[in-house]
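Model the full structure from these sequences, guided by the hints.
So the protein lines, in turn, are chains A and B.
Everything in the first sequence is counted per the working numbering, starting at -3 for the first residue and increasing by one.
Everything in the second sequence is counted per the working numbering, starting at 33 for the first residue and increasing by one.
Everything labelled a hint here was simulated from the structure, so no lab data went into it.
Worth double-checking, as some hints may not be accurate.
Unchecked claim - 27 Å max Cα-Cα, derived DSSO-like pairs, lysine-lysine:
id	chain 1	residue 1	chain 2	residue 2
1	B	K63	B	K124
2	A	K87	B	K63
3	B	K138	B	K63
4	A	K86	B	K63
5	A	K87	B	K124
6	A	K86	B	K138
7	A	K86	B	K124
8	B	K138	A	K87
9	B	K124	B	K138
10	A	K55	A	K2
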Amino acid sequence: MTFWRKLVPHPWLSLFLFGVWQLLMNDLSPATLAAGALLALGIPFLTRRFWPDPPRLQKPFVALKLLWRVIGDIIAANWQVALLILGPVKKLRPAFVCYPLALTDPFAISVLASIISLTPGTVTADVSPDHQTLLIHVLDVADERELISTIRTRYEQPLLEVFPCSKTSS
Amino acid sequence: MDISFWVDAVVAALILTGSLFALIGSIGLWKLPDFFMRLHGPTKATTLGVGSLVIGSLVYFSSRGEGLSLHELLITLFLFITAPVSAHLLAKAAMHQRVGRIEKTKGRIWPQ
Chain A
-3 MTFWRKLVPH PWLSLFLFGV WQLLMNDLSP ATLAAGALLA LGIPFLTRRF
47 WPDPPRLQKP FVALKLLWRV IGDIIAANWQ VALLILGPVK KLRPAFVCYP
97 LALTDPFAIS VLASIISLTP GTVTADVSPD HQTLLIHVLD VADERELIST
147 IRTRYEQPLL EVFPCSKTSS
Chain B
33 MDISFWVDAV VAALILTGSL FALIGSIGLW KLPDFFMRLH GPTKATTLGV
83 GSLVIGSLVY FSSRGEGLSL HELLITLFLF ITAPVSAHLL AKAAMHQRVG
133 RIEKTKGRIW PQ
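Next up, the structure:
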């Protein structure tokens, strides 16, 4: 087991690189499959020192469900924000909102920050130096508490399940 | 009416939707009053705008009989990785420079 762990230090990264290589070459011939496998094994092995503490992905199905939900939310939120932009500017209620993080793993925090930035209407502006708060700029917000609880239940709870990080943090 | 008509219709609809959202994103960039609000325009255009264009391209090239063409998905993947990072850096730079924001903005930024 430890032998395989050393040879394939980051199985998910390897799988990801393999998939990206097939998409880049846009075909599935034996040659590209072999080259993809070589790269998927070689790159994580050669760069393993840059990934000292890999986040462990658990419950991949929760991750897939979250991905599906984020795509749906992006489509829904795009329509809302499009209407906001085309409507009168005076009605917009912009705000900076401090979001208290429950996540502790740096990778998981950056995933959450990216999700917040990708869903229109909210942009992650900063993360506090102690990694406990996100500063979010919102284009139009009626109730900050509602926004915080929406992010908490829709995105952060699934992420907490996918990256069980509170245990690994010191 | 054969199948290629419907493929063309779907591709046209996707490209129009994509262009529409890119346009609305640009209108936001032009119309919104302060830097932080303008930041929301481009993040819109890169998600649904480029997403629709990419799916349109995917459907078009996959329907040409030369097999499935999926490498357009990489554009979406790379955008989804890079767009939040650039938005974050722009916002951070603006806060560092103490770029003005319109008065009714609620909440405050913390000292940089």
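Mind checking the alpha carbons of A/K87 and B/K63 for me, to see if they're no more than 27 Å apart? holds, 13 Å
Does the structure keep A/K86 and B/K124 at a Cα separation of 27 Å or less? holds, 25 Å
Holds or violated: B/K63 to B/K124, with C-alpha atoms at most 27 Å apart: Roughly 22 Å separates the two Cα atoms, so the pair holds.
Could you grab the alpha-carbon distance between A/K87 and B/K124 and see if it respects the 27 Å cut-off? holds, 26 Å
B/K138 and A/K87: Cα distance at most 27 Å? holds, 14 Å
Is the straight-line distance between the alpha-carbon of B/K124 and that of B/K138 27 Å or less? With Cα atoms ~18 Å apart, B/K124 and B/K138 stay inside 27 Å; holds.
Decide if the proposed pair is consistent with the structure: A/K86 and B/K138, CA atoms, cutoff 27 Å inclusive. holds, 14 Å
Is the Cα-Cα distance between A/K86 and B/K63 27 Å or less? holds, 11 Å
Would the pair B/K138 and B/K63 pass a check requiring their Cα atoms to be no farther apart than 27 Å? Holds. B/K138 to B/K63 sits at ~20 Å (cutoff 27 Å).
Sort out whether A/K2 lies within 27 Å of A/K55, counting only the CA atoms. holds, 23 Å
In this structure, every one of the numbered hints holds.
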